[in-house]
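Student: Listed here are the chains, written in short residue letters.
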Amino acid sequence: MNATQLLLTVVMFGSLFSVLTLSLNLQYSRGGMINFGTVAYFAAGAYAYAIVTQDPPKGLDQYLFGFGGPWWLGFLAAGLASFIFAVITGWPTLRLRGEYLALTTFAFAEVFHSILLNERRIGNGSVGLSNVERPSTEWTGLPDTYIFTLAALALMLATMLFFNRLLASPYGRAIDAIKDDELAAQTIGKDISKLRFQVFVISAIPIGFAGALYAMITTLVNPQLFTAEVTFFIWIALVLGGDRTIIGAIVGTMALVLFQEVVRAIPFETVRSAQIASSVEHMMTGLIFIIILRWQPIEKLAKRVGFS
Amino acid sequence: MTLLPQYLATGIVSGCFLILATIGFSLTRRVEGFLNIAHAELLGVSAFTTWGLNTLLGWHILPAAAVGIVTTSLVGLCIGRLVYDPIRKLGPSVLLITSIGVAYVIGGAIDALIGVGIRTLTIPLATSYKFFGIRMTDYQMMVVALAAITSISLALFLNKTKMGLAIRAMSANPELAASRGIDVQKTSRATWLLSSGLAGLAGVMLATIATLSTDIAFHQILQILAVAILAGLGSLYAVIFSGLIVGIAMDVSVFWIPAGYRPLIAFSVVIIVLLFRPEGLAGRKSS
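From first to last, the protein sequence lines are chains B and Z.
The first sequence: position 272 = 272 (my numbering), numbered continuously.
Quick note, my numbering runs 1000 ahead of the 1-based positions in the second sequence.
Since the hints were made in silico from the structure, they are not lab data.
We put the beta carbon where it would ideally sit given N, CA and C, even for glycine.
A couple of the hints might just be wrong.
To be verified - Here are some of the chain B residues that sit facing chain Z, going by a computed Cβ distance under 8 Å:
#1 A102
#2 T187
#3 I188
#4 M283
#5 R294
To be verified - Where chain Z lies over chain B, by a calculated footprint (3+ residues, C-beta under 8 Å):
#6 112 to 125
#7 232 to 241
#8 268 to 276
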């Protein structure tokens, strides 16, 4: 893999996953909600996109629905699916606090994953849906990779701007007030559970869009792609970048994707050595995670520079 | 129609294993005050240490298992001292998130050292016994017996010994315990040794009744969480009932629905409990 290709991959997946990190940042750093089921909203988006754009089932296909719709319809459906899933999971769970919320969202994500895996009528079970529709990019005259990198960047920037505007508004200050002092916020008439629910649901929409874009890039959705690993990956990226800052969330994600891609780009002689490398990559990621949570160096640096 | 009682019997065995796996987790939650996601990885440490000594070095299973449990105990203590102690002031959420990092490190280390593939211990094949038409192997019976012995001895330890009482005092009110002259640090270390040792025991059990692969630990944490939540986080005696309930529910469900949904049962339990009775079976209101 040459340098340009590596750069493109990092920017593409880095921007894509940054959308998830940004949403998580909003939920955790601003809303004080620990969501350990991020991957479920991402998967809901990807599957919604695939189902809406997929041709009707034929031959060995076991899925029931394939609407053969255009890509933009699928994209909108992805945002909607993630939104609906957030309403369903957020409604009953958001009165729970801290670790209980973490566990319930985690449980919801696992149940959703299990249904996708076992219920063949949704998306062919463990086989998944392949040859997912991509928007035609011929008119631009650019290779697909460039287009999707730009699309991912655009989605990230749009999410960033949207969240930025939201947080700078009086609405955003109400959210911050709840995070800082729940009782005081309640005293001046802020409906805490309503605000938390809104933050949770709003921040799920970009995750759905990211899921649709992910399905376009990989042209494949299957349960293997949407395990709890994705959730933890996003959490590590968020911690890496130091929470509370939008720029930190993006830098953290990019750094983590770069780290993984570099390790993957190293050529290995045997399967065993490649497997050791990926395990060591896991260990390193975990170690960095522990170290950063303990000393919080990036957060301190960002505060000094004045980014927060 | 002996199928249903058979599933019930298997469910009791699964439940007993889950009790062993969850007691240490709940003890940590009670005394240290956070959910240690890395607890399940400790099962892996013990299972693979035992496997290494038993199969690679040719030790007899008993000394191999003993060394495996002691090693796990010490590993747990080291992690507690090195990783969790310094960040305790940052609160349970940060500790919970950190424990994911710890799970990554342990899981990665096991993966790197052992590699993919399925492994079994070098032990005599299980002998199957038949009672009233229900089959059970000697290893399965051993799991049930060990779960019973462990629960009883843990209850005796916590109620009768000085260290046990100190652990209970600390879990009820750390400040008061400290002001009454309980050595908080010593008690915390004892808790780490004990809970990790219990994880070690559960790991050995896992190695005897199941085949080992390196991703096995992660699957256990899902079920451990289910049992712990059903019991009410941090309560120890309710773990016994909830372990049996989850174990039986999972295995008996196979009678009606496809086996692929077995893990889903555990998680449906979590969701239902958290929605309707967040304080769990034990019924202590969480603050």
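Student: Hint by hint, say whether it matches the structure.
Tutor: Hint by hint, here is what the structure shows:
{"no.": "1", "hint": "A102", "verdict": "holds, 7 Å"}
{"no.": "2", "hint": "T187", "verdict": "violated, 21 Å"}
{"no.": "3", "hint": "I188", "verdict": "violated, 25 Å"}
{"no.": "4", "hint": "M283", "verdict": "holds, 3 Å"}
{"no.": "5", "hint": "R294", "verdict": "holds, 5 Å"}
{"no.": "6", "hint": "112 to 125", "verdict": "holds (count 4)"}
{"no.": "7", "hint": "232 to 241", "verdict": "holds (count 4)"}
{"no.": "8", "hint": "268 to 276", "verdict": "holds (count 3)"}
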